[in-house]
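Just so you know, the protein sequences line up as chains A and B, in that order.
Start counting the first sequence at 1; every next residue gets the next number (the numbering used here).
Start counting the second sequence at 1; every next residue gets the next number (the numbering used here).
Be a bit skeptical, because a hint or two may be false.
Keeping only pairs whose Cα atoms sit at most 27 Å apart, straight-line, the calculated DSSO-like set for lysine-lysine is [as the list claims (entries may be wrong)]: (1) B:K49 <-> B:K398; (2) B:K65 <-> B:K148; (3) B:K49 <-> B:K75; (4) B:K341 <-> B:K49; (5) A:K201 <-> B:K396; (6) A:K201 <-> B:K264; (7) B:K281 <-> B:K49; (8) B:K341 <-> B:K319; (9) B:K373 <-> A:K201.
It should be emphasised that the hints constitute simulated quantities derived from the structure, not laboratory data.
These numbers come from a predicted model, not from an experiment.
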Amino acid sequence: MEMAAPTSLSRLAIFRKTGAFQKLLAFASLILLIVVFSASSPNFFKFDNIVGILLATAVTGVLALGSTFVIITGGIDLAVGTVMTFSSVIAGVIITFGSGSIVLGIAGAVAAGALCGAASGFAVSRMNIPPFIATLAVMMMTKGLSLVISGTKPIYFVDTPDFAKIALGTSIEAIIPGFAIPNAVFIFFGMAIIASLLLSKTIVGRYNFALGSNEEAARLSGINVRRWKIVIYTITGAFSGVAGILMASRLNSAQPALGQGYELEAIAAVVIGGTSLSGGRGSILGTVIGALIMSVLTNGLRILSVPQEWQTVIIGGVVLLAVYADMIRRRNA
Amino acid sequence: MGEPLVRMTGIEKRFPGVLALSDCRFELNAGEVHALVGENGAGKSTLMKILTGVYRKDAGSIVYKGRETDIPHTKAAQQLGIGIIHQELNLIPDLTVAQNLFIGREPRKWFGLLLDDKELERRTLHWLEQLNVNVDPKTKVADLTVAKQQMIEIVKALSYHSEVLIMDEPTAALTDAEIRELFRVIGRLKSSGVGIVYISHRMEELKVIADRITVMRDGRYVDTMPAADASIERIIAMMVGRELEERTKIGSGPGAGETVLEVKGLSRGSAVKDVSFRLRKGEILGIAGLMGAGRTEVARAIFGADRPDAGEIVVRGRKARIRHPHDAVRLGIGYLSEDRKRYGLLIDMDVCDNIAMASLPRFRRRTGWMRDKAMERAAEEQAGALRIKTPGIRQKVKFLSGGNQQKVVIGKWLVRDCDILIFDEPTRGIDVGAKAEIYALLEELAARGKSIVMISSELPEILRLSHRILVMCEGRMTGELSGAEATQENIMKLATQRGA
Numbered sequence: 001m002e003m004a005a006p007t008s009l010s011r012l013a014i015f016r017k018t019g020a021f022q023k024l025l026a027f028a029s030l031i032l033l034i035v036v037f038s039a040s041s042p043n044f045f046k047f048d049n050i051v052g053i054l055l056a057t058a059v060t061g062v063l064a065l066g067s068t069f070v071i072i073t074g075g076i077d078l079a080v081g082t083v084m085t086f087s088s089v090i091a092g093v094i095i096t097f098g099s100g101s102i103v104l105g106i107a108g109a110v111a112a113g114a115l116c117g118a119a120s121g122f123a124v125s126r127m128n129i130p131p132f133i134a135t136l137a138v139m140m141m142t143k144g145l146s147l148v149i150s151g152t153k154p155i156y157f158v159d160t161p162d163f164a165k166i167a168l169g170t171s172i173e174a175i176i177p178g179f180a181i182p183n184a185v186f187i188f189f190g191m192a193i194i195a196s197l198l199l200s201k202t203i204v205g206r207y208n209f210a211l212g213s214n215e216e217a218a219r220l221s222g223i224n225v226r227r228w229k230i231v232i233y234t235i236t237g238a239f240s241g242v243a244g245i246l247m248a249s250r251l252n253s254a255q256p257a258l259g260q261g262y263e264l265e266a267i268a269a270v271v272i273g274g275t276s277l278s279g280g281r282g283s284i285l286g287t288v289i290g291a292l293i294m295s296v297l298t299n300g301l302r303i304l305s306v307p308q309e310w311q312t313v314i315i316g317g318v319v320l321l322a323v324y325a326d327m328i329r330r331r332n333a
Numbered sequence: 001m002g003e004p005l006v007r008m009t010g011i012e013k014r015f016p017g018v019l020a021l022s023d024c025r026f027e028l029n030a031g032e033v034h035a036l037v038g039e040n041g042a043g044k045s046t047l048m049k050i051l052t053g054v055y056r057k058d059a060g061s062i063v064y065k066g067r068e069t070d071i072p073h074t075k076a077a078q079q080l081g082i083g084i085i086h087q088e089l090n091l092i093p094d095l096t097v098a099q100n101l102f103i104g105r106e107p108r109k110w111f112g113l114l115l116d117d118k119e120l121e122r123r124t125l126h127w128l129e130q131l132n133v134n135v136d137p138k139t140k141v142a143d144l145t146v147a148k149q150q151m152i153e154i155v156k157a158l159s160y161h162s163e164v165l166i167m168d169e170p171t172a173a174l175t176d177a178e179i180r181e182l183f184r185v186i187g188r189l190k191s192s193g194v195g196i197v198y199i200s201h202r203m204e205e206l207k208v209i210a211d212r213i214t215v216m217r218d219g220r221y222v223d224t225m226p227a228a229d230a231s232i233e234r235i236i237a238m239m240v241g242r243e244l245e246e247r248t249k250i251g252s253g254p255g256a257g258e259t260v261l262e263v264k265g266l267s268r269g270s271a272v273k274d275v276s277f278r279l280r281k282g283e284i285l286g287i288a289g290l291m292g293a294g295r296t297e298v299a300r301a302i303f304g305a306d307r308p309d310a311g312e313i314v315v316r317g318r319k320a321r322i323r324h325p326h327d328a329v330r331l332g333i334g335y336l337s338e339d340r341k342r343y344g345l346l347i348d349m350d351v352c353d354n355i356a357m358a359s360l361p362r363f364r365r366r367t368g369w370m371r372d373k374a375m376e377r378a379a380e381e382q383a384g385a386l387r388i389k390t391p392g393i394r395q396k397v398k399f400l401s402g403g404n405q406q407k408v409v410i411g412k413w414l415v416r417d418c419d420i421l422i423f424d425e426p427t428r429g430i431d432v433g434a435k436a437e438i439y440a441l442l443e444e445l446a447a448r449g450k451s452i453v454m455i456s457s458e459l460p461e462i463l464r465l466s467h468r469i470l471v472m473c474e475g476r477m478t479g480e481l482s483g484a485e486a487t488q489e490n491i492m493k494l495a496t497q498r499g500a
């Protein structure tokens with residue numbers, strides 16, 4: 001018995017460690033939603049509608065992927081929505097008023113996002129400002145800067161028709177004819193893979209969990225906590241930059257007044273996916289599922305003709321349930 | 001003597017897959033201090049949790065004041081007059097002493113609409129006087145010393161008319177003077193007929209304070225004896241089921257090895273004043289002193305956890321600039337905090353992650369990917385070498401015992417190849433058997449050429465392990481002892497040698 005117990009225990013520990021159970025619950029909820037909506041309406045489980053759902057997930061999904069990093073440190077980034085807008089405005093300025101190079105525009109947008117993230121990280125780690133306040137400030141600053149730079153008017157990508165194809169083109173059709181899935185969907189899943197590798201296979205990911213688990217113990221283990229925190233906020237910012245490109249490409253314009261409110265949807269997706277707001281626990285797969293749950297819900301409720309006002313109420317309830325379920329799980333763990 | 005106050009017999013408690021208690025008994029008389037001792041995991045707390053209604057027993061009987069009693073929840077225990085003082089105090093720091101004492105049952109006036117502060121103060125003073133505790137009821141609890149806070153907890157328990165008081169490691173954070181004060185209060189409680197269950201790891205105390213001693217081991221009752229008849233060796237032998245060797249090796253260490261760490265004129269606020277010393281290779285340097293003498297502050301300043309105001313640190317002959325812990329770690333200095341859960345461990349992460357945490361860059365490929373296999377191998381090897389008892393290196397550290405957690409922290413620094421190790425109370429909260437293992441480990445590390453600074457409040461421990469002993473008092477270094485001078489008496493003399 002002495003011999004048997006440890007092996008089963010260690011298996012249990014591995015099970016817990018990978019968070020398999022946690023993802024299973026979120027995943028099961030997603031499947032359940034899909035089954036319920038498919039049964040309620042013949043219009044739900046159709047190729048075009050599913051593609052629509054995936055496309056709708058892309059922008060908030062990429063924001064949520066980025067937010068996952070900061071949330072695992074036990075922090076929060078309220079600026080991701082407006083940083084996204086700021087990045088798309090930068091892309092617009094470079095492409096429409098500057099060089100006209102799409103590649104340069106993309107690079108500029110991601111760099112702008114990363115820079116904003118670094119600024120948040122600096123305020124949080126060097127100036128010791130609580131993440132909520134620091135990123136609130138960055139949110140307001142980027143919101144204002146977007147309006148200043150653009151002169152409060154949308155920037156249209158009129159001279160570069162290829163820009164719209166970044167999100168809405170269907171490059172996959174070149175390989176599988178008739179399989180018209182927009183690039184944005186693949187970009188989202190691609191970013192998810194990158195995020196997942198960063199979090200589970202690199203040193204940033206390890207330190208990310210360590211910081212969220214016990215920052216003081218991490219510091220006393222000789223980890224340069226301040227530096228890594230800036231790195232983590234920078235990653236979150238860079239993801240916002242990618243989201244900015246997707247957003248601008250979908251709208252074929254940079255809309256400087258948009259963006260606020262997206263950060264809350266991103267946080268909701270992360271939390272539904274089982275990442276703990278108190279830090280130390282979370283996963284990218286969870287966030288992907290969380291983002292999908294949000295857009296499946298929105299889409300399904302719309303198909304069932306639930307008024308938009310009520311959709312918001314229901315999604316709020318889902319966030320509450322998800323966090324509650326997470327707390328019960330933790331109490332039992 | 002008639003019927004005892006409490007008689008627990010045949011107590012059994014099962015948790016899923018574990019028999020935590022089997023056929024346990026315990027008796028407590030009115031006006032008695034009955035010490036309950038045993039290693040961590042021996043079942044002391046479980047037994048006391050049954051008595052205070054936290055857990056329900058699966059079998060056995062509790063006879064309280066001559067009557068068979070069921071204690072289904074903590075409220076019932078409180079109503080019966082069974083109180084407990086936990087190791088972690090349960091007071092609200094921002095409220096006053098009086099507000100804390102009567103929280104949830106505040107005296108009111110005007111048909112219960114307003115709080116009656118005068119009455120509150122009167123009642124508080126009444127209870128404080130009962131135990132002769134000298135505290136202003138209007139002081140905020142946060143402004144009191146830990147010892148005073150503990151007194152307030154005792155007064156609070158008493159104000160619920162407790163007849164049984166359980167104290168869990170009450171002296172763990174107290175200075176000698178404060179312990180004497182606590183013992184005086186315990187004496188007063190005894191004479192008023194309160195029965196006291198006293199849980200402690202400090203053997204020396206038991207002889208002073210306890211009337212009887214009950215030993216538990218592995219969830220079973222071992223024996224009960226009058227404290228006067230019990231020798232420390234005998235109690236420990238009963239607790240661990242084997243004899244522990246006791247010896248002193250002061251002065252037997254490396255005489256004139258090279259100096260690996262030199263501290264010159266270190267100062268920080270009022271906690272550390274002009275501290276200087278040298279640490280030689282392969283040496284265990286003990287730092288003794290009372291609580292609050294500034295020993296932890298010295299360690300933290302050397303390690304870069306706090307910034308010193310003045311002073312110089314020389315590592316292996318070279319002046320070091322240590323501004324952050326990562327600077328110290330790069331120089332091969334490791335620090336084991338007295339509070340490993342807060343400062344040493346990532347409690348929700350597993351053994352492997354914790355052991356590797358200080359050395360992650362070593363397990364990184366040039367491409368940036370982590371070499372998980374290599375990391376696991378290193379952790380596995382270290383866990384084996386340190387004899388860490390765990391079902392696997394992927395077990396979360398929160399499920400390990402205190403001794404094994406401590407070994408995980410040691411492992412962290414060994415994987416990092418640190419050769420200057422600062423141990424701050426390395427055996428705090430660790431049971432007797434595991435203590436012996438940690439001692440052996442420290443000696444082995446020193447023999448392998450690691451240099452160790454060991455801060456400890458337990459004199460037998462510091463006398464047993466150290467080659468040299470430094471004594472601190474109120475932030476100053478008051479002396480260095482080695483050889484025959486190193487005795488408990490001399491240490492205490494230096495430790496109480498206030499301001500020159």
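Here is how each hint holds up against the structure:
For the hint linking K49 of chain B to K398 of chain B, the alpha-carbon distance of about 20 Å falls within 27 Å, and the restraint holds. The suggested pairing of K65 of chain B with K148 of chain B is violated, with an alpha-carbon distance near 31 Å, which exceeds 27 Å. Of the supplied pair hints, the one linking K49 of chain B and K75 of chain B holds, its CA atoms being roughly 13 Å apart against a limit of 27 Å. Of the pairs offered as hints, the one joining K341 of chain B and K49 of chain B holds, with about 23 Å between alpha carbons and a cut-off of 27 Å not exceeded.
Distance hint between K201 of chain A and K396 of chain B is fulfilled; the C-alpha atoms sit about 19 Å from each other, no more than 27 Å. Proposed proximity of K201 of chain A and K264 of chain B is contradicted: the alpha carbons are some 43 Å apart, above 27 Å. For the hint linking K281 of chain B to K49 of chain B, the alpha-carbon distance of about 47 Å lies beyond 27 Å, and the restraint is violated. Simply put, K341 of chain B and K319 of chain B have alpha-carbon atoms about 32 Å apart, too far for the 27 Å limit, and the pair is violated.
A C-alpha spacing of about 12 Å is found between K373 of chain B and K201 of chain A, which places the hinted pair at or below 27 Å, so the restraint holds.
Hints 2, 6, 7 and 8 from the list above are not met by this structure, while the remaining hints are.
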